[in-house]
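Trainee: Given next are the chains, with one letter for each unit.
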Amino acid sequence: MKRTLILLALLVVAGLSLAQKTTLTVAVFPNLDDSLKSQIPLFNKKYPNVEVKLVIQQYADHHNALTTALATGQGLPDVAAIEIGFVGRFAEGQGFEDLNKAPYNAGQFKRLFTPYTIAQATAADGRFIGMPVDIGPGTFFYRNDVLQKAGVDPKNMMTWPGYIAAGRKIKSTTGAFLIADAADVAWINIFATTPANTSPYFDEQGKVIVDSPRFVRAFELAKNIRAAGLDARIGAWTNEWYDAFKKGTVATQFSGAWLQGHLQNWMAPETKGLWRVQQLPEGMYASWGGSFYGIPTASKNKALAWEFIKFVTTSEEAQIAGFKAIGAFPALLSAQNDASFNQPVEFLGGQQARLLWRDAARRVKPLRANKYDRVAYEILGTALSQVLDEGKDIPAALAEAKRLIERRMR
Amino acid sequence: MRKTVSRLEIRGSPGVGMRWSNFQRRYAPYIFISPFFILFLVFGLYPSLFSLYMSFQAWTPSDGWGRWKFVGLENYTFTFTDPMFWRSLWNTVWLGVFSGVPQHLIAIPLAFVIHMVLSRFKTFVTAVYFLPYITSSVAIALIFNTLFATHNGVINLVIAHLNTWPLLGALLPDQNINWFTSANIKYALALVVVWQFTGWNTLLYLSAIQAIPKDLYEAAAVDGASRWQQFRYITLPLLRPMMFFAVSLTIIGNMQLFEQPFVLLNGGASTATPGGQTVTMYMYRTAFEWLEMGTAASIAWILFILIGVLTYLNNLIFGRGARGVD
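Chains as they are written, first to last, in the numbering used here: chain A, 12 to 421; chain B, 71 to 396.
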């Protein structure tokens, strides 16, 4: 009798320990969460006792909450998604684990990823704080129907003067604008002309270089487009922006590959088949967005968090699942060789666009993160709007921006 | 009170009853009002004092708690010499005036008219005017974002239609106005703020007008005073205390304008429209975009002092000080 009882008790205990699940919290923003939801079942096949709890907040809220949590060391998730706009700043802080060090030893995985992503998540002092998940190779989206109507050959738009000339033709024949916001042309020029292994705004010695010819030309191109009345002056991520894509009142857009997923899923699904992509003009290659996963130093489940991040970022299966779910372009090189990359993209009229994006991703030069990148980006954005909206002189605006950035570098 | 105490003493053992009632009398009130003070200490006083402390430190929050460095007044001198701060302050003051003054210029006569003419529908009319005030700023800004849209926004469509009218057309621009440029956004923002807060002020003034004794108006009417004279010589002077209160609220609110410009300018995209950036938006940007918490704290304190000064000036104009001059 006694033995049976002991046996029963043991069985119960064993059963409990089997059923006991470890919870791993992962903080993420939309729609990267959709990509994760497709990956978690795959992870659970390998780790059935781990329950992955997602904390989903909107893009800005997510990063604000993360900043606050890092500040106080309270309420941090085990794994945090970091978007490219924030990775430089978090890299310069001390709140994330340096994945170069043991027990992570992420160095061995670095060669598996699209090279420029590694530089993005590396701090000036060499610490590596996030494993890359997806990337945004920059491409040139255009409305094929609008260009045909205007009699414009997209190949002629592969130089900036040709691009503007085509824009005039499109505007005069169809009434459509060339681009939503002329500022986009300035930005893609700034990013794509950055020499390898430097920040777009700072030279190797960390000096501000926003008044150099690269910037002058970028600003001039944008100003010419604005002066010719070729941009619709529509801000990104507004209802008017989506509407322009739906109605074809804007003929081209420069963006990361992810724009295709957004257009297809919610922005303008009815324009299926009307869009095409090509490489950026003048042999430019630039990265447009991207996400990373990092481990906060205050995380209580670091070992498990690392297993999770490794799985999501280095497993081909997981990367392909995310790619299929939201069109997130995998940062993992081997995943880019998946057969699905050869498939035509119906939304782009059956174009083999993924091969094009893959080619672009492999040609993007690595940029180095600088602590003051965000400061420079915003100050330069203000300067650009002063040039475009207020008619400020370009050299004066750039000199002013340089001064403002310099005085913030305290 | 005393009676109750003695009864308690009789019932229980005298000592316990005495102590309990003493405790009740002395400390129970404090316990009952303590929730306010606890909340105030935790969410009011502590953060304020902490931000004062922070304004003398350099701190990047992503470095973690406690990794701050004392820099003295550097944050203040930096902010005072920052052209971006001055531009955002100028925007804020401009918006404060152009969205604050019309609110009152509309609200005071409106309250008078509602009181005098529409007294039967007072409740209904007030509720209608009050509605924008209780609507979420975010929802309001999103709706106005659509109304102000450059190419298919209702406001531009109306202007385009008015353009076809013979005389008026000559006065209006013949192209769609882009409301989201630095030069135009201020007008759009001022309109939104006026629309949102005029009802609130109307309600304030209406309640003050209702408190004015009817005999004054009756006596004035007997003496042959017109409606305008009644408004000018009775209503306006007696509204002065309420004007002080309402204008103070407007000053405090307008100097801290944040949600409307933030949402109308689409959050992040706001940086590209320097003309719409208010001081609080600049502070937010410094704190959460650039992670310079110390500098942001110094901006907060400068703004606090500025609001204090403006409220004091307002007190000189409308408050007790002015009444002495009368």
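Treat each hint with caution, since some may be false.
Claimed, not checked - With a cut-off of at most 27 Å between alpha-carbon atoms, the simulated DSS-like pairs for lysine-lysine come out as follows:
no., chain 1, residue 1, chain 2, residue 2
1, B, K256, A, K403
2, B, K139, A, K218
3, A, K64, A, K48
4, A, K182, A, K403
5, A, K382, B, K139
6, A, K257, A, K121
7, A, K311, A, K112
8, A, K166, A, K56
9, A, K56, A, K335
10, A, K234, B, K256
11, A, K121, A, K335
12, A, K283, A, K182
To be verified - Where chain A lies over chain B, by a calculated footprint (3+ residues, C-beta under 8 Å):
no., region
13, 119 to 131
14, 251 to 257
15, 353 to 360
16, 376 to 383
FYI, nobody ran anything at the bench for these hints, they're computed from the structure. What you are looking at is a predicted structure, and each value in this text was computed from that prediction instead of being measured. Ideal placement from N, C-alpha and C gives every residue a C-beta, glycine not left out.
Trainee: Output the indices of the hints that this structure fails to meet, ascending.
Mentor: 6, 8 and 16
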